[in-house]
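Residue numbers (this note's numbering), protein chains in the order written: chain S, 108 to 230; chain B, 480 to 587.
Hints were generated in silico from the structure; no laboratory data involved.
It cannot be assumed that every hint is accurate.
Claimed, not checked - 20 angstroms max Cα-Cα, derived EDC-like pairs, lysine to aspartate or glutamate:
1. B:K524 to B:D561
2. B:K524 to S:E153
3. S:K172 to B:D480
4. B:K521 to B:D549
5. B:K518 to S:D218
6. S:K165 to S:E153
7. B:K583 to S:E153
8. S:K150 to B:D496
9. B:K518 to B:E560
Predicted, not measured: the structure shown is a model, and the values here were computed from it.
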Amino acid sequence: QGLLVESGGGVVQPGGSLTLSCTASGFTFSTYGMHWVRQAPGKGLEWVAFIRYLGGNKFYGNSVKGRFTISRDNSKNTVYLQMNSLRAEDTAVYYCAKDNMVQGVIGDAFDIWGQGTVVTVSS
Amino acid sequence: DIQMTQSPSSLSASVGDRVTITCRASQSISTYLNWYQQKPGKAPKLLIYAASSLQSGVPSRFTGSGSGTDFTLTISSLQPEDFATYYCQQSFSSPPLTFGGGTKVEIK
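Let the hints inform the model, and build the full structure from the sequences given.
This is the structure:
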């Protein structure tokens, strides 16, 4: 079981910023790492970022490193994705996903997914 | 980065057919391989983890096999609800976690 609900998507100009949120319920949020995965229109899946269960370690995909920041607030059962210096190629559906391993170190499989939130970068 | 290559990229099949999708890793990933199903407009769904373990609630007609660099997802008897796109994903090395390009299963 478990449920993830994303919010915060929208239309933003190139170079702009946006913050996505993902609120979890139905599982012990503070014991699982969390991911963001995106899918550009008509394309496949691309892993974006992972944050360990306590938030102390974060990992990023090559295409977003230095521009995106993942964070979490275990008191609010919420994970965030701060996106800066947005580009047209960041246009995608952004999914948050739960890691399937308790206290996982580098990320494993994604066993619960949100419904996705759409980010469009366009002038 | 570990590259994941799926084949075929698409296939046409009939209800009741046995369907096999292949995923190849650019280096050995042991059994750190997961499979997902995605229907149009929906989030992906985990089917198989650790190459051959069936996720809870997933029908037994889905099986995964393989180790090292070569993996297979098999649907033993294709059902109408199985028409979708399937992705493999490696979790041996991160960052980054990487996906295959997807295999679209269409109705013949």
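Hint by hint, here is what the structure shows:
Distance hint between B:K524 and B:D561 is fulfilled; the C-alpha atoms sit about 12 angstroms from each other, no more than 20 angstroms. For the hint linking B:K524 to S:E153, the alpha-carbon distance of about 15 angstroms falls within 20 angstroms, and the restraint holds. The suggested pairing of S:K172 with B:D480 holds, with an alpha-carbon distance near 15 angstroms, which does not exceed 20 angstroms. Using a Cα cut-off of 20 angstroms, the hinted pair B:K521 and B:D549 is violated, with the two alpha carbons roughly 28 angstroms apart.
About 16 angstroms separates the Cα atoms of B:K518 and S:D218, which keeps this hinted pair within 20 angstroms; it holds. Only pairs whose Cα atoms come within 20 angstroms are accepted, and S:K165 paired with S:E153 is accepted, the gap being roughly 17 angstroms. Taking the CA atoms of B:K583 and S:E153, the gap is about 17 angstroms. The hint holds against a cut of 20 angstroms. Of the pairs offered as hints, the one joining S:K150 and B:D496 is violated, with about 27 angstroms between alpha carbons and a cut-off of 20 angstroms exceeded.
Between the alpha carbons of B:K518 and B:E560 the distance comes to roughly 9 angstroms, so the proposed pair stays at or under 20 angstroms and holds.
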